[in-house]
Amino acid sequence: MAVVFKKSNVITDVPFHYCPGCTHGIAHRIVAECIEELGMKEKAIGIAPVGCAVFAYKYFDIDMYEAAHGRAPAVATGAKRVHPENLVFTYQGDGDLASIGAAEIVHAAARGEKITAIFINNAIYGMTNGQMAPTTLIGQKTTTSPLGRDPELCGSPIRMSEMLATIDGSAYIERVSLHDVRHINKAKKAVKKAFEAQLAGKGFTMVEMLNNCPTNWGMTPVESIEWMKENMIPVFPLGVYKEVQE
Amino acid sequence: MKGNEAIAEAAIKAGCRYFFGYPITPQNQIPEHMAKRMPEVGGTFLQAESEVAAINMVYGASGAGARVMTSSSSPGISLKQEGISYIACAMLPCVIVNIMRSGPGLGGILPAQADYFQAVKGGGHGDYRLIVYAPASVQEAADCVMEAFEASDYYRVPALILADGMIGQMMEPVEFKPITKRKQPPKDWAATGNDGTKPRAQINSIHIEAEKMSAVCKGLQCVYDKIAAKETQYEEFMMDDADICIVAYGTTSRIVKNAVKKARELGIKAGLIRPITVWPFPSEMIAKATEKCKAFVAVEMSTGQMVEDVRLAVNGAKPVLFVGVTGGMVPTPEMVLEELQDIEEGM
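Protein chains in written order, with this note's numbering: chain A, 1 to 246; chain B, 247 to 593.
Simulated from the structure, these hints should not be mistaken for lab results. Keep in mind that a hint or two might mislead.
In silico DSSO-like pairs for lysine-lysine, Cα to Cα no more than 30 Å straight-line [to be verified]:
#1 A:Lys58 with B:Lys444
#2 A:Lys229 with A:Lys43
#3 B:Lys534 with B:Lys508
#4 B:Lys433 with A:Lys43
#5 B:Lys427 with B:Lys464
#6 A:Lys193 with A:Lys141
#7 A:Lys202 with B:Lys282
#8 B:Lys433 with B:Lys444
#9 B:Lys508 with B:Lys540
#10 B:Lys429 with B:Lys367
#11 A:Lys192 with A:Lys141
#12 B:Lys444 with A:Lys7
#13 A:Lys43 with B:Lys540
#14 A:Lys58 with B:Lys458
#15 A:Lys6 with B:Lys444
#16 B:Lys444 with A:Lys192
#17 B:Lys433 with A:Lys58
#18 B:Lys429 with A:Lys43
#19 B:Lys534 with B:Lys472
#20 B:Lys464 with A:Lys58
Pulled out of the complex, with its shape left as it was, chain A reads as follows (with noise of 0.2 Å):
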């Protein structure tokens, strides 16, 4: 019988947190599946954040650290500079890399620094219950703006890959959705290519992924998909934001 589908050699076996119907779990397949393709699992080193993928060290089957909140791509520079012949990146929600990382993130850019920041934005704080997030859509109700994310209040969501396309050092931007699998397999080529023009020693490069947040959505798997498509999409619309050619 003809093998179809099966786990990638870069994801070990232990067992997801993740909330039933949440995409996280579709980025680390993706990230995972790239890193094999590539040939670079035992060149790969990844930095865990703070939030919902806390233990994604324990999920990727290489050498991983687990960083402060933020600081992912503090951390990844420093590994990076010590291993410059290593693929190295951050994997990182919208609280970590868009709020409190947000001068990390925008420096590592500006620095050009080799790495790939995989950005998980869902427009909320997931693993403290569903908070405010920095990408929160306006009128968007959360733990703390229980009567819908007020703009003369706490300000606009925060669109990260446009404000990074702009820094000189950013080398491939893309913003890709996980919500259909003509997505996921458009999410999965993004990876590839951020991948490829970090180890071709590029600069700075971030794949934005779209996720969904069930859980603290307040939606069935399905709603919060399709919830996604519309609304999320268009306040951040999908795209190549940066490509460097040479």
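With chain A's structure known, arrange chain B on it following the hints.
For chain B alone, coordinates are given in the frame of chain A:
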């Protein structure tokens, strides 16, 4: 050579090849020296976007197996505390330099010893210790840096050089002695990329289960106990027949030495115990001195921090007095002498 430059050069001589820092007075000559020297020796100097980023770059580089250093001064060291706590829990070796200025707050840029509590009682959150060296000269600062790298690698505990701004800024002759190497355990825990010949690296400080976290803390404590037993360093000065024992470290200890000499001319038998490591603290030596000495005096450039450890060591056996100036003021030998005369009159 300036103290700051000697500290930077000593690190290079000790094999440090990665430095991550951020500008702040009065330690700027350390990153400046590193910026010049690191490319010459094939190392990496990187000016980070903040002290917070710098210490996390240290976490990254140390976790990758490198000898790495960062430096700052008081307010910047406060910013590094989060990272230091993570580094301590993940058991990563590194050397951190604090060229102390006055505080709290933004404070002033003149020398102080007001970060003692922060250095020896934790600083960041959680149950951890650093090996803390408190040099009293430019030569000793260079020596301590070399030793700090060796000790930190040996125990996998971060080491801190706690020097006041005077040590960083003054110029003195310095000789870079050959490093005393320890038999180091292999860094088989480092993240280098894993080819399957050893367990994969997991540089980590999260332990959700209470039993696991408790075991990690107990493991750290065992290491700290070993350090306390093996690494405590101090100097005794005119302690053989001393009636009054002064305890002082860093720049203050040099001023105290002058005061002790002047006191001796007046017939007052004073002596000095100078901690070279402030953690581990030479408590045992001080406790022993209670058998012969009638009084103890802690002299500091603070409103009274190390004096608490002196009191713990003396444990009520004899009176413990305190002489301190702070905010960038430096004590004079006369100030110390006056206190000694008062004690002598009262005895």
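Evaluation of the provided hints:
In summary, the hint linking lysine 58 (chain A) to lysine 444 (chain B) is supported, as the alpha carbons are separated by about 16 Å, within the 30 Å threshold. For the hint linking lysine 229 (chain A) to lysine 43 (chain A), the alpha-carbon distance of about 36 Å lies beyond 30 Å, and the restraint is violated. At most 30 Å may separate the alpha-carbon atoms for a hinted pair to count; lysine 534 (chain B) and lysine 508 (chain B) meet this at roughly 25 Å. A C-alpha spacing of about 17 Å is found between lysine 433 (chain B) and lysine 43 (chain A), which places the hinted pair at or below 30 Å, so the restraint holds.
Proximity of lysine 427 (chain B) to lysine 464 (chain B) is assessed by CA-CA distance (about 28 Å); at most 30 Å being required, the pair is judged to hold. A C-alpha spacing of about 35 Å is found between lysine 193 (chain A) and lysine 141 (chain A), which places the hinted pair above 30 Å, so the restraint is violated. Taking the CA atoms of lysine 202 (chain A) and lysine 282 (chain B), the gap is near 26 Å; set against the 30 Å cutoff, the hint holds. A C-alpha spacing of about 12 Å is found between lysine 433 (chain B) and lysine 444 (chain B), which places the hinted pair at or below 30 Å, so the restraint holds.
Between lysine 508 (chain B) and lysine 540 (chain B) the alpha-carbon distance is near 19 Å, which keeps this suggested pair within the 30 Å criterion. At most 30 Å may separate the alpha-carbon atoms for a hinted pair to count; lysine 429 (chain B) and lysine 367 (chain B) meet this at roughly 29 Å. With a C-alpha separation of about 35 Å, the suggested pair lysine 192 (chain A) and lysine 141 (chain A) falls outside the 30 Å cut-off, and the hint is violated. Simply put, lysine 444 (chain B) and lysine 7 (chain A) have alpha-carbon atoms about 22 Å apart, close enough for the 30 Å limit, and the pair holds.
With a C-alpha separation of about 64 Å, the suggested pair lysine 43 (chain A) and lysine 540 (chain B) falls outside the 30 Å cut-off, and the hint is violated. For the given pair, lysine 58 (chain A) sits about 15 Å from lysine 458 (chain B) by alpha-carbon distance, which is consistent with the 30 Å threshold. For the hint linking lysine 6 (chain A) to lysine 444 (chain B), the alpha-carbon distance of about 25 Å falls within 30 Å, and the restraint holds. At most 30 Å may separate the alpha-carbon atoms for a hinted pair to count; lysine 444 (chain B) and lysine 192 (chain A) meet this at roughly 27 Å.
With a C-alpha separation of about 21 Å, the suggested pairing of lysine 433 (chain B) with lysine 58 (chain A) holds against the 30 Å cut-off. Simply put, lysine 429 (chain B) and lysine 43 (chain A) have alpha-carbon atoms about 29 Å apart, close enough for the 30 Å limit, and the pair holds. Of the supplied pair hints, the one linking lysine 534 (chain B) and lysine 472 (chain B) holds, its CA atoms being roughly 21 Å apart against a limit of 30 Å. Between lysine 464 (chain B) and lysine 58 (chain A), the direct Cα distance comes to roughly 23 Å. Compliance with the 30 Å bound is thereby established for this hinted pair.
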